[in-house]
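Colleague: The residues making up each chain are set out below.
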Amino acid sequence: MAKWGMVIDLDKCTGCQACTTACAMENSRLPGENWQDVLFYSEGRFPNVSIKWFPRPCMHCEHPSCVSACPTRATYKEAEGGFVLIDWNKCIGCKACMVACPYGVRFYTDERPVVAPDIRGVFPGKDGRSWSPPYRGPQDDPSHGVGIQPNGVVSKCTFCYHKVSKAPKGVADLDEHDPATKEFTPACVRMCPPKARYFGDLDNPASTVNKLIADKRGTRLLDHTGNKPQVYYLSGGAAAAVPSSRETNKA
Amino acid sequence: METGTLLTLGDGLRLEEGACLPLRSHFGQCRACEKACPAHVLSVSIDGVALAPGCLGCGRCVSACPTDALELEGFELPAALPAGAGAVELECFKVPASANAEAIRVPCLGALSPGRLAELTERAGARGLVLVDRGWCGTCSAGCGATHPAKAALDVLALWLDAIGAPDRKPRLQSRPLPAAAMPEAIPHTRRDPNEQPLSRRDFFRRLAENPTGRPRDVSPMGASGRAAFPATGRHQSRERRRLVDALDAAAARAGTALPAELFPRVTNNGACADHRVCTAACPTGALKARADAQGARLEFAGEACIACGACTRACPEGALVLEAHGGARAPAVIATHAQRTCEACGDAFAPRGDEALCATCAKSQRFIRDAMSQLYRARS
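Chains as they are written, first to last, in the numbering used here: chain W, 542 to 792; chain C, 15 to 395.
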C-alpha cells in the first residue's frame, strides 16, 4: 500500500513542455490531446509583466469528485497506490466526470482534431481505438485507462500507472537519478530537465516528497473543494502552508 | 440495444449485459425483473444481476424487462401459428399436452409482455387470441395470489386498443378449469432437451469456469477487440417497445386512427439545458440525440423510442430535463437549441451562456489557474 503523490516546484519550472511531450509519447496520445499540459498565466501590463508557468497533471485526489459523478463506476480510486483511473471497458463517454472535475484534467477528444490536418486519416485506428501511432509503447491495459484509447471514452493522466504500479514494495521515492527506481518513474517526472517534479509515497514519512511538502510548504490547490489532491505545488516560500486555509507566516 | 455479451444467470435464464438498464449506469435504476420475480430470487445492482437458487423458470422477469434484456431458454414464440380457424390459444407449461394439443405453450401466462401479446394478437388477426385460465394460478408458486399473472399485460394492451378504437381483437382470458390435483408442483422444464446427455465431469467444471453465476462484471467485452462496453454511439430501440408500437400501428391502421399521445413519453427542458450532452450518453434507446451544425446545437427527443426509464433526468448535471410518462409526440422534436460559438482558446464549438468567449473546459482551466495563482502567490500580490 502506498499513496503516490507528486510535488511540482513552480520556481524551477521553465515551461519547456518536455513533460507534455514525454507524456504524449508514453501514452500514445494524438497530437495536441495532452493529458498533462503546462498552462501559462500572465499578470500586469507591459512593461511590468510577469508570466508564470503552471504544469497541470491529474491531481489524483483522495476524494475525487469524478468518482462520485461517474454513473458506471468506470472511474475509480485504485486501492493499492491511490491512483484515480478510468476503466475504458465501462466508460460510456457521458462526460459527467468532466463537468464534476474542478481541475479540468479530463478529456473527451473524439469530436474534432486538436491539430490539423487530422492525423487519424494517416494512421487510422483498429478495433475501435482512436488511432494507430507509428510509435507505441508496449503497455495496453484498458481496464486501467492505459494504452491507446478507444473511441467514445473519457481519458486522463494515469500517473503512469503501468510504470508506477510495478515499483518495488515499500520504496519511498521514485527518482529518475536512482537506477533502481528509474524505470518506475512517471514519464513527466523522468523527463523534466530542471527537475521541477518529484514523485514518491505520501504515506512514507521518509520520502522526499513529504520532506519537500513540509520544508517548502507544499500546497494543495483548490483545497476548499475537499478533493484533497495528491499533487502538491511549491512556490518560493510565499505560498500558504497545508492546509491552505491556515493563515501563518504571511511574508 | 447494442448486442452485448449474453451472460448465463443460471436455470436457463440469460441476460444481455448491454441492454440491462441498471448494469449500464447508475442512471438506470430499473428493478422491474426483481419486482416481477414471484420466487424473489433475482437481485439487481450495478455490480450485476444475480440469480439465487430457486428459480421457477416462469419467465415473468422476461416479460417485465422494458428492454428485452432477459431471455429464458425454451421460451420462444413459434414462427407459425397453430393451424385451424378457431381462436389461437395460449397455455402454460404446467397444462398437460393432452388437455390442449393445439395451443401455443409458454412457461407461464404472465411471461407474456404487452409487446409480445400485441404482436401475437396482430398475428392471430380475426381468429382472436385466448389465454386459457385453468384456475390454478392462485395456488401456483409462480402465481400472484388472487390476480391472474397475465392480467397486468392484458390490461395494458386493452387500454391501448381501446384508445386507438380497435377493441374488437383484444386478447381474452378464458376460464376453463381443470382439477387442481392435475397441476404439477413445478413448471415442467420442457426447455431442456430430453435427449440431452448428462454433463461430463469436465464439461461441468468448464461451464463453472466460463460462467461464474451472478458475476457479470468480470466479463470484459473489450479485451482484444478494443471496444468499449457501452459506447456513446450505436444505441438502438428496445425490441419490446418496437413490438408494441408496431402491433398497435397495424391495429390503428385498420381502425383508421392514429396512436394516442398517451403512448409516447414526453421529455421537456425547463430552460437550464447547457449542452453538456450527458443525457444523450445516458439514454439507452437513442430517444435523445444531440445534433450540431451551422444553425447551432440541438437536443432532439423522439417519443417513439423512449421507454420512460428516467435515465436522462437523473443524468442531467443541470437538472434541466423533466420526464412525463405520457402525452408526448411520436416524431423527433427539438427540446433545446443553443446558438454555437467558437471557443477563443481551443477552437471548439460550444454553446455560450451569455457572452462567454471560452468553452466550459477552457473557462474551467482559466478559472482554476487564476484561483491557483492567488492561492500560491497570495502573499506577494
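Check before you lean on any hint, since a few could be wrong.
[Unchecked claim] Stretches of chain C that chain W covers, calculated by requiring three or more beta carbons in the stretch to come under 8 angstroms of a beta carbon on chain W:
no. : region
1   : 33 to 43
2   : 291 to 298
3   : 380 to 386
None of these hints come from the bench; they were simulated from the model. Each residue gets a CB set at the ideal place from its N, CA and C atoms; glycine is no exception.
Colleague: Taking a Cβ-to-Cβ distance below 8 angstroms as contact, does the region 291 to 298 of chain C have at least three residues touching chain W?
Modeller: Holds, because 4 residues of the region 291 to 298 of chain C bring their Cβ atoms closer than 8 angstroms to Cβ atoms of chain W.
Colleague: How about the region 380 to 386 of chain C: do at least three of its residues have a C-beta closer than 8 angstroms to a C-beta of chain W?
Modeller: holds (count 5)
Colleague: Closer than 8 angstroms Cβ to Cβ for three or more residues is the test here. Does the region 33 to 43 of chain C pass it with chain W?
Modeller: holds (count 4)
Hint check: no violations occur; every hint is consistent with the structure.
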